[in-house]
Amino acid sequence: MTAVPATPPARARGGATWRCFGWLLGVGLAACEPDVAGGPTGAAPERALVVVGGDYQSTVVSRIDVERAVSDAPAFLHSGSVVGETGSALSGDVVPGRVLDGSGDALLVDRAKGTVTRLKGLGVHWQRNVAPGFSANPQDAIAVHIGDERRVLVVRGQPDVHGGSNDSVLGGGDDLVVLGHDGVPLGRLALGSAASAPPKGGAVMAMAGSGAWTGDALWLPLASVSPAFDGYGPGRLVQARVAADGATSLGLGVELGPLRNCRAARRLAGPGLRLGVVCSGSFAEGPAEQLAGSGLAVVRIEGDAAAVERVVPAANFGAPLGFHVAVSEQTDTAVVVALGDLEAGQPDAVWAVDVQTGAGTSIALGRGAFTLGGLWLDATTQTLWVADSGISTAGDLRRFRIDAAGWQELDAVASVPGGLRALELAPW
Amino acid sequence: MTGLVGSPGRRLRLALSLRGAAFAWTCACAATAFAAAPLPEGSTHTAAIEVRRPRPDRAVDRAIHLDGAALRQHGRDLGDALATAPGVTADRVGGFGHGGQIRLRGATPAQTRWALDGVPLQSPTGRSPDLEQLPITLLQGVALYPDGAPRDFGAETMGGAVDLRTGAEGARRLRLGAGSYGAGYLDGVVGWGSPAGASGGYFGVRALQVSGDFAYRDDGGTAFDASDDRRRVRENNDVRRLGGLLGQRLRLGHWQLHGLVFGGWRDQGLAGAAGQTTHAARLGHASADVVLRAMRDGRVGRWTLQSHLGWLSEAVDDRLGELGVVVSRRVDVRAASLASRFSAAPIGLGPARWEPELRVAAALGRSAGEDLQQGRAIPTSTAQSLELAAAGPLQFGPRWLLEPRAQLRLAHSERNDDPAWTGAWQQRVVAWRALPTARLAVRHRPDDAVDVHLGASASARAPTLLELFGNDGSVRGNALLRDETGVGVDAGARVRGRALGGTWSGRLGASWRRQRDLISLVRTSPASAIWLNVASADLRALDASAEARWPGGAGGSLVVAALDARDDGADPAYADRELPLLPPLRVAALVHAPRAALGPVVVEAFAAARWRARRFADRANLVLLPSRLRVDVGAGARYGHARLDLRIDNVTGRADQDLLGFPLPQRAWMLNLTWDAAPEDR
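Top line first, the protein sequences correspond to chains A and B.
Residue numbers for the first sequence, in this note's numbering: 79 to 506.
Residue numbers for the second sequence, in this note's numbering: 221 to 902.
Since the hints were made in silico from the structure, they are not lab data.
Because the structure is a prediction, the values reported are computed rather than measured.
Treat the hints with caution; some may be incorrect.
[What the hints assert, rightly or not] Ranges between beta-carbon positions, derived for each pair: (1) E487/A to W732/B: 50 to 58 angstroms; (2) A875/B to G258/A: 56 to 64 angstroms; (3) Q604/B to L178/A: 52 to 60 angstroms; (4) R450/B to G496/A: 35 to 43 angstroms; (5) L420/A to Q604/B: 39 to 47 angstroms; (6) W645/B to T435/A: 50 to 58 angstroms; (7) F448/A to A875/B: 35 to 43 angstroms; (8) Q434/A to R437/B: 55 to 63 angstroms.
The C-beta atom is built at its ideal place from N, Cα and C for all residues, glycine as well.
With the rest of the complex left out, here is chain A (with noise of 0.2 angstroms):
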């Protein structure tokens, strides 16, 4: 396990440089390097979620005490944690991954550098470049158990079309790959086959988002999209069937009607097994045709059969639907964000959707246009966590709790005062 050094408060530090015009004055040199103090504390919370912070420039890391309501440990992993002659250790666009396998660990998806983090604790545990030689733009990653291992499965999203690293395992790219629990590759499904074609024609990446795990198969979302972002193929959702020894195989594949740009999946509270995709629609369209691309679609699985159950569509909220999807593990609920628009001062909105009717109810607006990001619902308390990126004194974690009277807002949580605001979050 690497150590990861303290996190030092960024206002502590305000006096550097000025004691550097002291050295002017005959001080020393010394007293040009920043303080460093503080750090994380305390023992691991029962329930937690990892935060990653950001500005696409640095990234932070935190911890969160689900019971608490409060960040167990702020900022104790970022972007200057390990800095080397080639960079950081951690880029700006990192991304949490989802931890199924009970033990307790965190992952990080640098999409930028293209690698997978494993946190134990508040250490790293392993780090993996799944990105040999091309910039693969990992999306997800998700540990799970398949049989009797734990696996990591990791979600690439473009391909190396120079074609130098495809004698390696991690070769190829735009797929699905399998690592070990200690991060060894063992396998890959590539999933550029599987997408379906924009509708200039030419070329296609699958680009596949946020999976849904079932216990046997990941059921990945694909954007279908062409290399130059230009196009958008008709939504599609695959099942990817992995086996322990990093064996794969493309199963069941589902249109999605009318949605485009399809970039997460989660499976729906009841009987029998439905997953709530979010689409949403073509960037490279103008807004009417991307409100029309853009949606909720209800996917019910039945043995080798799926179908799609119901679209909602995203007009049905005013505007395009972001990335994210949160559900809820008692009831028909969804929760979806419904985007803004910068130039007309439009801020984000949140949505719950009732998958049964399509019903949407309002919940609450974001602090400005694309600032909302991670949504997780808390089935043990019923409460809705929202990252909202947008310059606020309030803390940067919103939280929604449900109730008879409706969606409530209770007290945010910062996840790092004073610091880079959320972007996304995990359950830990």
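Once you've looked at the hints, dock chain B against the given chain A.
The following block gives chain B in isolation, referenced to the frame of chain A:
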């Protein structure tokens, strides 16, 4: 003449009315496309005017002068040569040939004005001179103005200014160099006429090629896991450059004409951030500028007409998305500016002499291009500006100078933006708005050995076309940029003298600036950065330098520069954080050994050391780049017209980076062979 002899007040009123007429006429000239016409010379009313040279704002020289011979000896290129100068922060993205940026007291490149022999080099496209394409053999010296540009440079600036002094007329120099990592270059200048003559000119050229394949330690993108670290060669890091510059000065009757044509071509691989190997990503860059200046000194003053046409093309081909985003675009920027300036001859105002000046200028530019992958045209964006500036330095005897200046720029633009880089272009119109700038400075020279100055300024600047629409693979424009504004004060003192058998000079300078919407480069991925507005920033600089020279070539200099540049905005994520990439303290020392004669061979040697304090790489101040010490040494031998120099950079071989993820070469050598028709002693 006798008709004007009367009361001083009458003379003043008369003279002022003449200036007013001349100003109005200047405006008219600008409005009518600068139709050339002589000033109304020969008027009997000119008797009240005394023409005196040098111009008042040069009477107290506030520039930091760098010796050209020393620059040529120390520097492989101009950016390298300036790196040890007071107030200068030089950042490189790679080794020799890979360029970088020069910042004066933390000012951004677009805030700094560049000139060649006083002729503005700043292209109306927004491009700063490419210091790796300018022939270093051309230089006779460099004058740095960290406190603001001299008014000869034209438009007011928010940062400092750099004047490259050639003195190349009559010079003939050729330099060949070869060095580490497949570096080779040719640099030469041939001049005609002489600086003191009625006409003269020069032609300089610089061509270089670097394979750039230096080794570095690659952590494989896994900084937490050292087990996969290994030595790698930086791939796709080659550069080829060709730059040329043609200057011609001539006198036609009462007119002094100055023409300057310069341009460059560059083809390079885009290696991207280390750890993310690229194979095919490339950048092609070409630019050309034509500057024509006509000056006429009449009895009423000096009239200057100047036009500047600029063109550049940047083509980034990363259709494999090796840098993280699939980009294959060519951007063409064309711009032109026309300016007319009238500087009246000094007018006696009691004990003072006043030299009023009026300038009108107009500029327009357009940016367009092509999406090479999709075969679609990139919509045209345009920008226009109209500028009216006035200045009136007042000289009180030989010791005091008061310099007021004011400028009002009206700017307008129509911008096309593709925010998601998907080809979904959106047009935005930024309505006409006023950008006022003003500066007031006082300079005092208590005696011939000491001069001091104090200045205050308020300024505003519209983003340049390159900041809005450029794309060189690493730096992307941002069509949503707002105008930046700032206020500041600066002060400085300089002493000169002789002691211990040598000549000594010392300088102390300080400045404070507060900027709103500072246009600043912010990294958005490991391999690319974008221009963004920083809502509020506070920059305080203090720099001191001392230089000593003795006969026989011995000498040295010491520069200490402190800079406190902070984000002063309301966003708590950045508030009170240091602005990225600006070291709070920098020390540079340069030592020349005395020349030694070994028969007909003259031998020289130097050593330079640069220490830079730690600095942050990001706005949130999380990523700390450590302090560093770099030592360069060199020795040269001169025999007649020929000179052979060997320099070794980074002699300690320390791994280093100016920008996060862009490793610099470790120890590197370069051998230079120079032939000079008129060799000069440093």
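Tested hints:
1. The hint said 50 to 58 angstroms for the Cβ distance between E487/A and W732/B, and at roughly 43 angstroms that hint is violated.
2. Between A875/B and G258/A the CB atoms are about 33 angstroms apart, so this pair departs from the stated range of 56 to 64 angstroms.
3. Between Q604/B and L178/A the beta carbons are some 59 angstroms apart, a value that agrees with the proposed interval 52 to 60 angstroms.
4. The hinted window of 35 to 43 angstroms between R450/B and G496/A holds, with their beta carbons roughly 39 angstroms apart.
5. In this structure, L420/A and Q604/B break the distance hint of 39 to 47 angstroms, their C-beta atoms being roughly 26 angstroms apart.
6. Between W645/B and T435/A the beta carbons are some 40 angstroms apart, a value that contradicts the proposed interval 50 to 58 angstroms.
7. Restraint check, F448/A to A875/B: a C-beta distance of roughly 38 angstroms satisfies the suggested window 35 to 43 angstroms.
8. Checked against the given bound of 55 to 63 angstroms, the beta carbons of Q434/A and R437/B, roughly 58 angstroms apart, stay inside it.
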